[in-house]
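Be aware that the sequence shown starts at 1, since it is given in the numbering used here, and climbs by one per residue.
Watch out, some of these pointers could steer you wrong.
[To be verified] Pairs of lysine to aspartate or glutamate residues, derived as EDC-like cross-links and limited to a Cα-Cα distance of at most 20 angstroms, are as follows: (1) 30 / 57; (2) 156 / 84; (3) 111 / 134; (4) 124 / 172; (5) 111 / 95; (6) 61 / 173; (7) 35 / 133; (8) 156 / 86; (9) 9 / 134; (10) 102 / 120; (11) 2 / 47; (12) 35 / 95; (13) 156 / 74; (14) 96 / 107; (15) 30 / 73; (16) 9 / 57; (17) 99 / 120; (18) 9 / 107; (19) 106 / 95; (20) 124 / 74; (21) 59 / 85; (22) 2 / 133; (23) 91 / 120; (24) 61 / 84; (25) 156 / 133; (26) 2 / 73; (27) 111 / 84; (28) 30 / 172; (29) 102 / 86.
[As the list claims (entries may be wrong)] Cβ-Cβ distance ranges computed for the label pairs, FRET-style: (30) 165 / 144: 38 to 44 angstroms; (31) 109 / 29: 21 to 27 angstroms; (32) 144 / 177: 37 to 43 angstroms; (33) 98 / 61: 30 to 36 angstroms; (34) 75 / 48: 20 to 26 angstroms; (35) 148 / 61: 31 to 37 angstroms; (36) 48 / 24: 15 to 21 angstroms; (37) 4 / 106: 43 to 49 angstroms; (38) 37 / 99: 17 to 23 angstroms; (39) 82 / 170: 21 to 27 angstroms; (40) 148 / 29: 20 to 26 angstroms.
Just so you know, these hints were derived from the structure itself, not from any lab.
Here the structure is a predicted model, which is why all the values come from computation and not from measurement.
Heads up, the beta-carbon is just placed ideally off N, CA and C, and yes, glycines get one too.
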Amino acid sequence: MKREIINGKTSIQGFHTQENRPYALTAPVKCVDSKAWLGSGYYFWTDETFARYWGIDYKMKTGSYDIYTGYIEENNLLNTTFCEEDYFFLKNNIEKAIKRIKKIPKEVNLKQVHRFLQKEVWGKLGIKGIIYDDLPHNSYKKNRTYSLLDPLYYNKRIQIVVFTLDCVNNFEEYLIEQTS
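Could you put the whole structure together from the sequences, leaning on the hints where they help?
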């Protein structure tokens with residue numbers, strides 16, 4: 001991950017992928033999809049390659065996609081990818097949220113868990129976002145190489161979700177009208 005000091009704070013460069021539009025975005029677009037891994041927020045990839053894959057796979061509705069870059073202030077982010085303490089804090093809070101929601105007689109889903117965490121945990125603790133990684137493979141795109149030794153996927157697909165834009169700086173166009 002590339003880091004720079006922006007406004008006196010250590011910040012991580014992130015890549016935000018969206019459908020190509022006839023105008024440049026001035027801020028990232030908030031994801032509100034009920035299947036979003038970490039809930040409602042502004043999602044950034046830490047690696048340009050995965051930002052491109054996301055564009056190809058999910059952001060081609062207009063025939064091309066754009067990638068923007070921005071710098072996310074590192075303080076007040078849970079780093080569940082590289083910090084064991086933050087990882088277990090996230091894991092334990094997800095499990096507590098699931099148990100709490102199960103007390104209400106209805107099925108637990110991803111959106112409910114993240115809404116609870118944002119309202120009852122992250123906001124109260126001043127957590128502005130989460131650095132997270134998932135399994136880096138898309139089995140339907142077998143022509144992609146995430147590893148030189150299949151199935152050891154050692155290239156992490158790292159994303160940062162931010163819940164508030166006050167920790168995102170220098171948001172600007174990076175790659176416009178990409179098709180591959």
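**OP:** With a cut-off of 20 angstroms on the C-alpha distance, tell me whether residue 35 and residue 95 pass.
**Re:** holds, 18 angstroms
Original post:
Is it true that residue 98 and residue 61 lie within 30 to 36 angstroms of each other by Cβ?
Top reply: Once the Cβ atoms are compared, 33 angstroms apart, the range 30 to 36 angstroms for residue 61 and residue 98 holds.
**OP:** Mind checking the hinted window 43 to 49 angstroms against the Cβ distance between residue 4 and residue 106?
**Re:** holds, 45 angstroms
Original post:
Taking 17 to 23 angstroms as the hint, is the beta-carbon distance of residue 37 and residue 99 inside that range?
Top reply: holds, 20 angstroms
Subject >> Proposed proximity, residue 74 with residue 124 (alpha carbon, max 20 angstroms) >> reply: holds, 18 angstroms
**OP:** Assess, step by step, whether the Cα of residue 111 is no farther than 20 angstroms from the Cα of residue 134, and give holds or violated.
**Re:** Distance of about 18 angstroms is within 20 angstroms: holds.
Original post:
Are the Cα positions of residue 30 and residue 73 separated by 20 angstroms at most?
Top reply: Holds, at roughly 18 angstroms.
Subject >> Agreement of residue 102 and residue 120 with the hint, judged by alpha carbon distance not exceeding 20 angstroms >> reply: holds, 16 angstroms
**OP:** Take a look at whether the Cβ-Cβ distance between residue 82 and residue 170 falls inside 21 to 27 angstroms.
**Re:** holds, 23 angstroms
Original post:
Would the pair residue 111 and residue 95 pass a check requiring their Cα atoms to be no farther apart than 20 angstroms?
Top reply: With Cα atoms ~14 angstroms apart, residue 111 and residue 95 stay inside 20 angstroms; holds.
**OP:** Given the hint that residue 106 pairs with residue 95, test it: the Cα-Cα distance must not exceed 20 angstroms.
**Re:** It holds: about 16 angstroms lies between the C-alpha atoms, which stays within 20 angstroms.
**OP:** Indicate whether the distance between the beta carbons of residue 48 and residue 24 respects the range 15 to 21 angstroms.
**Re:** Because 18 angstroms falls inside the window, the suggested range holds.
Hint check: violations occur at hints 4, 9, 16, 18, 21, 24, 27, 29, 30, 32, 40; the rest are consistent with the structure.
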